[in-house]
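Below, each chain spelled out in residue letters.
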Amino acid sequence: MRAFLSFSILSLIVVGLALSLSHVPFGQDRMRVADYYLDHGATDTGAPNLVTAVVLNYRALDTLGEITVLFIASLGVGIFLSLQKKKDTTKDTKNLPEASLIVRRGSQFLFPLILLFGGYIFLHGHLTPGGGFQGGSVIASAFLLMFLGNTGYRLRQGPLAVTESLAGITFVIIGLIGLGIGGYFLNNFLPKGSEFALFSAGVIPILYAAIGLKVGAELAGIVANMFESGSER
Amino acid sequence: MTIGNPMMYVGAVGLIMIGLFTMLSKRNLIKIIIGLTLLDTGVNLLLIAIGYVHNRTAPIITRVHADPSKMVDPIPQALVLTAIVIGLGVTALALALAIRVYGHYKTLDTRKIRGLKW
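In order, the protein sequences belong to chains A and B. By my numbering, the letter at position 30 of the first sequence is numbered 30, and the numbering carries on one by one without gaps. By my numbering, the letter at position 18 of the second sequence is numbered 18, and the numbering carries on one by one without gaps.
Hint data in this document are derived by calculation from the structure and do not stem from the laboratory. Just so we're clear, the structure is a prediction, and the values are computed from it rather than from any experiment. Treat the hints loosely; a few may be bogus.
[Unchecked claim] Computed Cβ-Cβ distance ranges for the label pairs, DEER-style: (1) F199(A) with I84(B): 26 to 34 Å; (2) L179(A) with H54(B): 38 to 46 Å; (3) V64(B) with F117(A): 18 to 26 Å; (4) R114(B) with Q28(A): 48 to 56 Å; (5) L116(A) with I113(B): 26 to 34 Å; (6) Y102(B) with Q28(A): 28 to 36 Å; (7) A161(A) with I84(B): 22 to 30 Å; (8) S69(B) with A99(A): 38 to 46 Å; (9) R156(A) with T62(B): 40 to 48 Å; (10) R114(B) with S100(A): 41 to 49 Å; (11) L176(A) with L97(B): 30 to 38 Å; (12) Q108(A) with I84(B): 27 to 35 Å; (13) L176(A) with K112(B): 45 to 53 Å; (14) G182(A) with H54(B): 35 to 43 Å.
[Unchecked claim] Okay, the calculated bits of chain B under chain A, using three or more residues with CB under 8 Å as the criterion: (15) 28 to 36; (16) 80 to 86.
[To be verified] Sample of chain B residues with no beta-carbon within 10 Å of chain A, all distances over it, derived: (17) P6; (18) N44; (19) Y105.
Heads up, the beta-carbon is just placed ideally off N, CA and C, and yes, glycines get one too.
From just these sequences and the hints, can you work out the full model?
Shown next, in the form of structure tokens:
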């Protein structure tokens, strides 16, 4: 009965999607708004990566909303998992077997290199494929590697929270300075610089660095919360 | 659907359907969350496939590819870029809820969780 109902609902959705997608042929040029972004994006914002130009210049307010959604999700994970913590968390981790020397030293060797790579990705987000969200995810993967490779590894939540808050405040303050100077929120008030240079495109590298640190701190906090609640039983 | 290759659409819609079917028919909370991530991936893939244009490259201006009329639509890519990370956050939130449910009811079977009945 349950499977039959699911199948009937799904077949309705499939028919609807097929009917609507048949009017959207694959690979055809259907751009209306995007033509403006493609033609004027690089000169308007100074960012050769036009995806970055859309994310951090034309639609920067949406990006602020999106990092707020991510912040609320990580806050929810922290709240749900901290309600059952605060027992003796060191006792159970002692019973876990220690990882081998190669895994431990290897993860400790790779940790700063992965952090450096994440920083590279979010600092070059306006020039190359990449950006704050991707670089932040790479940074969080470095912390995940440390948790997997080192039994009983603990992450201090204080510096993470400070980093995350400072990054969020930086984003909003830059937006407010733009409001004061140019008359609208997140105005690109810094000089655009020369094309293909690291310090170009005005406020975009600063905003992407803030997003990268914020996303990295939030995802690392999620990983830390998951590991600490998992090591209780 | 006659022009080009609609297999991208078929694959993306197939992923969405597998995810929806998993969420509707399975009773284990972890399997429902797996269905949620499949649905998420399918939606992202569908958006990217809609933004694709034949014989065009990524919307990044370099010294070699400097012609904006040879680039695909950047707006779906900008959407999906953030949607992937937010999907990860939502999955983590759902898993945290599942951990709390397991801690309270000692089961992940939605039939046995009495608080969900009405």
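Status of the hints after comparison with the structure:
1. F199(A) with I84(B): 26 to 34 Å: With a Cβ separation near 28 Å, F199(A) and I84(B) satisfy 26 to 34 Å, so the hint holds.
2. L179(A) with H54(B): 38 to 46 Å: holds, 42 Å
3. V64(B) with F117(A): 18 to 26 Å: Check passed, 24 Å falls within 18 to 26 Å.
4. R114(B) with Q28(A): 48 to 56 Å: holds, 53 Å
5. L116(A) with I113(B): 26 to 34 Å: Check failed, 45 Å falls outside 26 to 34 Å.
6. Y102(B) with Q28(A): 28 to 36 Å: Given about 48 Å between the Cβ atoms, the range is violated.
7. A161(A) with I84(B): 22 to 30 Å: Between A161(A) and I84(B), where Cβ atoms are some 24 Å apart, the hint holds.
8. S69(B) with A99(A): 38 to 46 Å: 53 Å Cβ-Cβ, so the 38 to 46 Å window is violated.
9. R156(A) with T62(B): 40 to 48 Å: Given range 40 to 48 Å: holds, Cβ gap about 41 Å.
10. R114(B) with S100(A): 41 to 49 Å: holds, 45 Å
11. L176(A) with L97(B): 30 to 38 Å: Given a distance of about 35 Å, which is inside 30 to 38 Å, the answer is holds.
12. Q108(A) with I84(B): 27 to 35 Å: holds, 29 Å
13. L176(A) with K112(B): 45 to 53 Å: The hint (45 to 53 Å, Cβ to Cβ) holds, given that L176(A) and K112(B) are roughly 51 Å apart.
14. G182(A) with H54(B): 35 to 43 Å: holds, 39 Å
15. 28 to 36: violated (count 0)
16. 80 to 86: Result for this restraint: holds, n = 5.
17. P6: At roughly 5 Å from the nearest Cβ of chain A, P6(B) sits no farther out than 10 Å, so the non-interface label is violated.
18. N44: holds, 13 Å
19. Y105: The claim holds: Y105(B) sits with its nearest Cβ about 13 Å from chain A, beyond 10 Å.
When held up to the earlier numbered hints, the structure conflicts with 5, 6, 8, 15, 17 and fits the remainder.
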